[in-house]
Amino acid sequence: MTLLDARPGRPVRILKIADDQARAQCVRFGIGEGTIIDSAETLPLGPVLVRHCRQEICVGRRLAGRVLVEDAVGA
Amino acid sequence: MSAATATAPCCPSPTVDAPAGARRIVLVGNPNVGKSLFFNAFTGLYVDVSNYPGTTVAVSSGHMGDDVVLDTPGIYGVSSFNDEETVARDIVMEADVVLNVVDAVHLERDLFLTQQIIDMGIPMVVALNMADEARAKGVEIDVEELSSRLAVPVVPTVAVRREGFDQVREALADARPGRSDPELQERLAALLDRTGTRPEALLVLEADPFVSARTGVSVEGQRDAIYQDRRRRVDAVVAAAVRHPGSRTDLGARLGRALVRPLVGVPVLALTLFAMYEVIGVFVAGTVVGFTEGTVMQGYVEPFLRGAVERVTGSSGVAYSILAGEFGVVTMTVTYILGLLLPLVVAFYLLMSTLEDSGYLPRIAALSDRLMSGIGLNGRAIIPMILGFGCITMATMTTRILGSERERRIATALMAFAIPCSAQLGVVVALLAAAGGGTIALAYGAIMVLIFGLIGLALDRVLPGKSTDLLIDLPPLRLPRPRNVLTKTYHKTWMFLKEVSLYFVAGALLLSLLEVTGALQGLQGLLAPLTVGWLGLPSAASNAFVMGFVRRDFGAAGLFDLGLGGTQILVALVTITLFVPCIASVLIIMKERGKAFTAAVWFGSVGLAFFVGGVVAKLAGVL
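In order, the protein sequences belong to chains A and B. Under the numbering used here, the first residue of the first sequence carries the number 1, and numbering increases by one thereafter. Under the numbering used here, the first residue of the second sequence carries the number 1001, and numbering increases by one thereafter.
In case anyone wonders, no lab produced these hints; they're calculated from the structure. Virtual Cβ for every residue (Gly too), placed ideally from N, Cα, C. Check the hints yourself; a few may be wrong.
Ranges between beta-carbon positions, derived for each pair [claimed, not checked]:
1. B/Ala1433 <-> A/Gly65: 42 to 50 angstroms
2. A/Glu33 <-> B/Ala1190: 25 to 33 angstroms
3. A/Pro8 <-> B/Gly1221: 33 to 41 angstroms
4. A/Gly65 <-> B/Ala1239: 28 to 36 angstroms
5. A/Gly9 <-> B/Val1047: 40 to 48 angstroms
The shape of chain B in the complex, shown without the other chains:
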């Protein structure tokens, strides 16, 4: 089982102020069924969102009258297959009432979760959402029959138009445990005195390793048998309550199918990535950051902070250097986080949330699955890879979505070695343009892609264990809802800043210490002979490499003033891209993957950078 889920073995449910007698109403449903629309309508503006401990999964909670409403991540079933399920599982197990939102078009799939929660004995109301879409697709549902078969209230809704919401609210008072399987319930009853609650008994019987460990009860797992029996019950309910005389294919479905085929999918993906580059790489990284970092932070905020520090420490001495010097803990951290990272991270999360909500992201995963499987990953890994071009630190946290520690290691290492972050990419592009673009840019791109592939192939061979396979459901294509995209962006950005800010402070402190002790200069001196003799670059280029440790773009920017020729620029850029990731991402890698892994990546990237850079220099000399 994955390490990320293992970090949160117990259940610190999000704390919400709840008056005595308040019910915990938990929203549960498959991904993309419109749960958040219910949550927003029921709870209004005063909502608390927090990351579930040890995960990147956000949990929202709010109030409806005296009751507490909790939203959960979209899941297909309750168990511990991934972070989303772990989080949803712990919240569902403590629910007083479950509001299960199901997609009327895909009842065969959605009712499995419904029936599983009914088997847990938790009182429930089913919101039969997208009732209009089902009708349009030729799916006829007998709501009375569905309700009587499940033995819980079923309310048809159209969440995007808020239709049926009042009826759902009223029905919550009538929530009741539905019809389970008597034979299964007998088996659960036999376990109850050992596990405590019925939901726990069910998950123990379904061989959930975490609930078994938590309750200290382990029995011979019967997951396959229980799942198959539940599947039969669900199919019987669907057969009785749903008719689909004829299914129609609309334009969205046809477009959705075309997007996973290379002929249409690859050009559309290329266009999408190009558009992202124009928005983030050119506009945000250039224009916006130029203003926030240059004008605002360096123009006003830093001088003010330096003045404030100076009044306390005086304008010279070690304390001043550490707090407000070149890598000042106060000055550099603030500029870096607010001036540079914040605009980039907001822009990235805005675009990624839009892609996610439109249903396009899973299609990118499908399209890239084959390529990714060649390097021991599956299509899902495309998400952290794309984010890596924004910020390696942010992307490293996102590797938590991958299915195994093996895949997380491969993805983390690939990004740390071979993917330039947006800050660095901006300077790289400018330098390539200065080198005359064309051939040099092509050579740079080709070398980086080659190295990326080779590292991936090597890691896939060397690392023990087995990677997981792609098994995802493609949601229909939809227009994203701006409010949802904005909320997601806001919370993801806030969580990111909250989680990493301390690491940037620590990074600045470490660098200041290296500088005041002279270690930084020593390191530059150490690299100089290698830089001149092996790479054929001026000795000052070694400063640029070491500065890359501070911030990858500082390093690349340092190359501007050296008056390098075309080949030298190529050598320098290849070397600096492969060279160690910035200090904040190193600290995050250490937190996520451990010390040994981080050391291997760090020393590996120093070695690889100089090795490949040297080979490129020698080859270019011959050609």
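This is chain A alone, in the form it adopts within the complex:
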């Protein structure tokens, strides 16, 4: 699934970020491929809000659709 499908309030593991510049920027924010983020939530009428280490990062929907994730509950 992608970031868009993540259930709000639950951690997910980032598997792949299919955009070179976004991948680099995410690594700077502390999110690499393999990182488990606190939660991702698609805002009504808005982008995806990612929470990680007390940060809140907004990811546009088109980009969020290119970020592959998997459920990380119990991981």
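Fit chain B to the known structure of chain A by using the hints.
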């Protein structure tokens, strides 16, 4: 890569008088970590601020004792992703010492930049700022451990209370290159004889296109691998030095979260925009400009200037017309810039800087991202759009913050076509009130929003390339510091006036020439049949349209005396809003986007204005 960054490929670092042996101390940090507070405290009042060539990015420099201190824009890493990074990159690469300000609450994020600069081998001191906030949020940091892991001095600070500043100053003497990765350093050493410096070698290895081009060295880029390895090192440092047993959510964080949700966010945004309109559109554009333009400029300054010109040229003839006539280069330019633009631009930058420093602006960007992405933009484009309601010329310069030339074109065209600037908006509102408000005002608003959306959709379809996506960090909400807001406003206003004044002079000159040669009257004559036959307006309205080219509000003001009916007012306002932008903004659009684009926008807006105006007239006749 973007055109704006391409205009400054090399490194004309801000020149500062520096005694021999002086160190260049460069302040570096992520956005919103409090760097400017350090800069202000260290350098005092005598500070030099200049726009970095080809960007709207301001760089401040000052002195601390014999040393030179340079501030840089907030960045998350050193490379060339945007203007801020390009500017910071060039300044950091020439640093003798880096003072890296980090946010103690977000070390996972901030230490990436720290480690990158350590990998460059530049001597460094880390200021661990917002140490108090971290404690309050339940984040415990072992400063000794952090310092020994990074192998650079680390000083806890609370910049808003100036705590720890003396210790930072002392620590600067002990600045040293920190602990890098030996294997990475070997690879850098192999490149050194070709690139010259270690920072350059690192950026070449990280596939930075500009540094590769500048040094003429290009190797197979290893950015992903280096970034991931650096991320692992940073995570290890954080794991060893930081504990966060429990995190607490305060009121600010909860409010910050609510503001990106439509239920709370949209009403708050509507209120904010309404308040801005009341302050800028009503008070500044009406009361303040009425005084500065009407009383001061037209009452005292213009008569004085006309008198001065008259003594040289006599009171008739071509020279007098050009210098002090209706569009006099001397008279109109001075009145326009100082009487009209200056108060508006100051007011806009004051409000925008306040919104920026409070952390609200990124939330507006998040809230509007979805709508904007429908027209090929992302949420960041909301910033130039809002500024466009102040002055299209100012807003066109601000499109430089957008991520691609494609987005800059869409935003520039949308503003040039469909956004009325504050000068024009004032007259539009007055005319709508004269038309009885209500239905006509609603119809005007609906038509403009519709046209805005349609143009955006069309441009998104037609323009080649790909727009960038939103990927921003939402800073915590904070009360803005008045000094910071005032400094920003002062410098942005000064840069704006410095950059555009010449274009207003050129615009006035061009118009004066059109007038003395009779071309302006010819143009009015040309438009008259279209105005009467197609739009159903009196022929004098064509003068108003042509005057809109001089100043958008001149045009709209010309409609006042025509005694138009309700429908006619609607037709005239729609036409004049869509009609060509003012001459100064046309010149700035030409400078930023090129001749072909400007020609397309200019002729496109003439065509669109008359087409839509005519359709509205015909429809209103049927309904």
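Unsatisfied constraints (hint numbers, rising): none
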